[in-house]
Amino acid sequence: MKKTRSISLLHLLFFLLVNSAANAQLTSKQIDSLAQRSLEKFKVAGLAVAVVKDGKIIHGKGYGVKSMTTKKPVDSHTNFQIASNSKAFTAAALAILIDEGKISWKDKVKKHIPEFKMYNEYVTENFMIEDLLCHRSGLGLGVGDLMFFPDGSDFTFKDIATSFQYFKPVSAFRTQFDYDNLLYFVAGEIIARVSGMTWEQFVTARIIKPLQMDNSFTSLNEMKDKSNMATPHSTENMGNGQMRTLAWFQEMVNGAAGAIVSNVDDMSKWMITQLNKGKYGSNLEKQLFSEARQREMWTIHTVTGVNRDPRYNSHFGGYGLGWGLSDLRGNMHVGHTGGLPGMLSVVNLVPDLKLGIVILTNTESGGAGAFRSIGQTIIDSYIKAEPVDWIERYSEQLAGQRSNGDSVTTNVWKVVAAAKNTPVKAGDFVGIYEDNWFGKVEVFLKNNHLWFKCLRSPKLNGPMHFYKANTFAIKWEYQDMNCDAFAMFSLDEEGKAQSIKMKGISPNIDFSFDFHDLDLKRVGK
Numbered sequence: 005m006k007k008t009r010s011i012s013l014l015h016l017l018f019f020l021l022v023n024s025a026a027n028a029q030l031t032s033k034q035i036d037s038l039a040q041r042s043l044e045k046f047k048v049a050g051l052a053v054a055v056v057k058d059g060k061i062i063h064g065k066g067y068g069v070k071s072m073t074t075k076k077p078v079d080s081h082t083n084f085q086i087a088s089n090s091k092a093f094t095a096a097a098l099a100i101l102i103d104e105g106k107i108s109w110k111d112k113v114k115k116h117i118p119e120f121k122m123y124n125e126y127v128t129e130n131f132m133i134e135d136l137l138c139h140r141s142g143l144g145l146g147v148g149d150l151m152f153f154p155d156g157s158d159f160t161f162k163d164i165a166t167s168f169q170y171f172k173p174v175s176a177f178r179t180q181f182d183y184d185n186l187l188y189f190v191a192g193e194i195i196a197r198v199s200g201m202t203w204e205q206f207v208t209a210r211i212i213k214p215l216q217m218d219n220s221f222t223s224l225n226e227m228k229d230k231s232n233m234a235t236p237h238s239t240e241n242m243g244n245g246q247m248r249t250l251a252w253f254q255e256m257v258n259g260a261a262g263a264i265v266s267n268v269d270d271m272s273k274w275m276i277t278q279l280n281k282g283k284y285g286s287n288l289e290k291q292l293f294s295e296a297r298q299r300e301m302w303t304i305h306t307v308t309g310v311n312r313d314p315r316y317n318s319h320f321g322g323y324g325l326g327w328g329l330s331d332l333r334g335n336m337h338v339g340h341t342g343g344l345p346g347m348l349s350v351v352n353l354v355p356d357l358k359l360g361i362v363i364l365t366n367t368e369s370g371g372a373g374a375f376r377s378i379g380q381t382i383i384d385s386y387i388k389a390e391p392v393d394w395i396e397r398y399s400e401q402l403a404g405q406r407s408n409g410d411s412v413t414t415n416v417w418k419v420v421a422a423a424k425n426t427p428v429k430a431g432d433f434v435g436i437y438e439d440n441w442f443g444k445v446e447v448f449l450k451n452n453h454l455w456f457k458c459l460r461s462p463k464l465n466g467p468m469h470f471y472k473a474n475t476f477a478i479k480w481e482y483q484d485m486n487c488d489a490f491a492m493f494s495l496d497e498e499g500k501a502q503s504i505k506m507k508g509i510s511p512n513i514d515f516s517f518d519f520h521d522l523d524l525k526r527v528g529k
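FYI, the working numbering numbers position 255 of the sequence shown as 259, with every residue one higher than the one before it.
Keep in mind that the hints were calculated from the coordinates and are not lab data.
Only a predicted model underlies this, so the values are computations on that prediction, with no experimental measurement involved.
One should not assume that every hint holds.
Said to hold, decoys possible - The list that follows gives simulated cross-link-like pairs (lysine-lysine, DSBU-like), each with its CA atoms no further than 30 Å apart:
#1 K500 - K444
#2 K47 - K424
#3 K172 - K500
#4 K418 - K60
#5 K418 - K457
#6 K110 - K230
#7 K472 - K429
#8 K472 - K457
#9 K358 - K429
#10 K65 - K45
#11 K213 - K172
#12 K114 - K45
#13 K162 - K457
#14 K213 - K76
#15 K172 - K65
#16 K162 - K444
#17 K213 - K65
#18 K281 - K110
#19 K45 - K110
#20 K429 - K525
#21 K525 - K172
#22 K472 - K388
#23 K429 - K444
#24 K507 - K525
#25 K507 - K463
#26 K358 - K424
#27 K424 - K172
#28 K388 - K429
#29 K444 - K358
#30 K500 - K525
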């Protein structure tokens, strides 16, 4: 029997409202309706939206609450962690140094950081500053992110700079896009060594203060007053759409990959400067970086896939320096997303229309659906694309993705439950194991139960449950994100474990949990 779908009066009114804007830009009232419906549909605690057009803020509001605990409302000055939208600030900081003649995009990284070492000599000697920013290193997606994901580890910049030699490339150098965070830490260190200031000090002094982004900060530690700071939330691992608050993610090493804290009012100033080709000030009399530098940042350095939706008639897709680049119905699109536990954001720029949109959210995973739906609907109204109910479409996609992931993980834990009485010689697995870049982990007995502990990343510890063969499923004590993992042991001829390979259990695991890049070898009992 075919199931019919009922349409609520609210949904019908919203769809009529959006369709009425087929050839007109959305009004603030329509954006309000869009945001409110997104909050409800995607189960998001709070979000903020700003739109700039022709050098002016034409919409800037908050919706929902900063925290489900306090119920205090979000406003246009509420701060969020913008995560990887910080990367464009790092690119801009380097552009400023290039304008001053202190560095070049083509400078070899080793010129400034002699200890920098990649996976072979040619790549090490030829790796340029611009290579740090455009995700074409040859290494895999999110490689090495376990050094700072989850937060609370003790890895230093020296650890990062020397870690790349141990990773196995997945493609030839400069031939393939694979998103990378660690190399932005290296870019931040170049800024520090060249300028004599930390990345945080430089970005504050040379970008945030000149643009009068008065309530923005390069790290949480710089915020003295957090009363208007959004709290991260998650519906992961909760069931029934329930929501819980999370602790703020604490950046380590430097903030170049994703540490900035900002709000839609301040981010509007940043977008207006970008849309004015680096110019700012009441009469655009000041220059943050030159137009030439912006052209370089907005030039494709690494080719990516093209949006094949015929309604956009897109021809190219790629990544520049800190920005994603594409075209929509003949208009250039420049943008980026950002994600930390419970904090998801997007910046969309359409330079040809002098249009900018920023959306900041404080809930995972619904925030992604919200910012995509809101941003895409607003853009569609400006480029005169036929309207689509993006809220409904993304809701269905996310539900399908979540259902698939839940099915996989549920089956894994069913197998674990069925095998709970399987005899295991725990002593054969107990020991110290070490990976060249991640350091040591310990497998030990705790209350007669096998336990897994990462010595340099203390949040990654938890009980091990027999799965099948020589494989165990680890249920981490850290549950802010969906990151439980398999540990697969290799045994010697006596049945004693000699090494461990790992991978995430859920297909929806965040790519920053790159357990699959570990190669753990036994080094002690």
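Results of checking the hints against the structure:
1. Restraint check for K500 and K444: the C-alpha separation of about 18 Å stays at or below 30 Å, so the hint holds.
2. Distance check on the hinted pair: K47 and K424 sit about 36 Å apart at the alpha-carbon level, beyond 30 Å; violated.
3. With a CA separation close to 27 Å, the supplied pair K172 and K500 stays within the 30 Å bound.
4. Among the hinted pairs, K418 with K60 is inconsistent with the structure: their alpha-carbon atoms are about 56 Å apart, more than 30 Å.
5. For a cut-off of 30 Å, the pair hint linking K418 to K457 stands: about 24 Å separates their Cα positions.
6. Restraint check for K110 and K230: not satisfied, since their Cα atoms lie roughly 40 Å apart, outside the 30 Å limit.
7. Proximity of K472 to K429 is assessed by CA-CA distance (about 14 Å); at most 30 Å being required, the pair is judged to hold.
8. The hinted pair formed by K472 and K457 meets the criterion: a straight-line CA distance of about 21 Å does not exceed 30 Å.
9. About 66 Å separates the Cα atoms of K358 and K429, which puts this hinted pair outside 30 Å; it is violated.
10. Our distance criterion of 30 Å between C-alpha atoms is met by K65 and K45, whose separation comes to about 19 Å.
11. Distance restraint check for K213 and K172: the Cα-Cα separation of roughly 41 Å exceeds the 30 Å cut-off, and the hinted pair is therefore not satisfied.
12. The straight-line distance between the Cα atoms of K114 and K45 is roughly 49 Å, outside the 30 Å bound, and the hint therefore fails.
13. Proximity of K162 to K457 is assessed by CA-CA distance (about 23 Å); at most 30 Å being required, the pair is judged to hold.
14. Among the hinted pairs, K213 with K76 is consistent with the structure: their alpha-carbon atoms are about 28 Å apart, no more than 30 Å.
15. As the CA atoms of K172 and K65 are separated by approximately 46 Å, the hinted pair breaks the 30 Å bound.
16. A distance of roughly 17 Å separates the Cα atoms of K162 and K444; the hinted pair therefore holds under the 30 Å criterion.
17. Distance check on the hinted pair: K213 and K65 sit about 23 Å apart at the alpha-carbon level, within 30 Å; holds.
18. For the hint linking K281 to K110, the alpha-carbon distance of about 22 Å falls within 30 Å, and the restraint holds.
19. As the CA atoms of K45 and K110 are separated by approximately 47 Å, the hinted pair breaks the 30 Å bound.
20. A threshold of 30 Å between alpha carbons decides the hint, and for K429 with K525 the separation of about 19 Å falls inside it, so the pair holds.
21. Taking the CA atoms of K525 and K172, the gap is near 16 Å; set against the 30 Å cutoff, the hint holds.
22. Between K472 and K388 the alpha-carbon distance is near 55 Å, which puts this suggested pair outside the 30 Å criterion.
23. Proposed proximity of K429 and K444 is supported: the alpha carbons are some 22 Å apart, at most 30 Å.
24. Between K507 and K525 the alpha-carbon distance is near 16 Å, which keeps this suggested pair within the 30 Å criterion.
25. Using a Cα cut-off of 30 Å, the hinted pair K507 and K463 holds, with the two alpha carbons roughly 17 Å apart.
26. Proximity of K358 to K424 is assessed by CA-CA distance (about 61 Å); at most 30 Å being required, the pair is judged violated.
27. Among the hinted pairs, K424 with K172 is inconsistent with the structure: their alpha-carbon atoms are about 36 Å apart, more than 30 Å.
28. Distance check on the hinted pair: K388 and K429 sit about 66 Å apart at the alpha-carbon level, beyond 30 Å; violated.
29. A hinted pair counts as satisfied when its Cα atoms are at most 30 Å apart, and K444 with K358 does not qualify at roughly 51 Å.
30. Among the hinted pairs, K500 with K525 is consistent with the structure: their alpha-carbon atoms are about 12 Å apart, no more than 30 Å.
In summary, the numbered hints that this structure violates are 2, 4, 6, 9, 11, 12, 15, 19, 22, 26, 27, 28 and 29.
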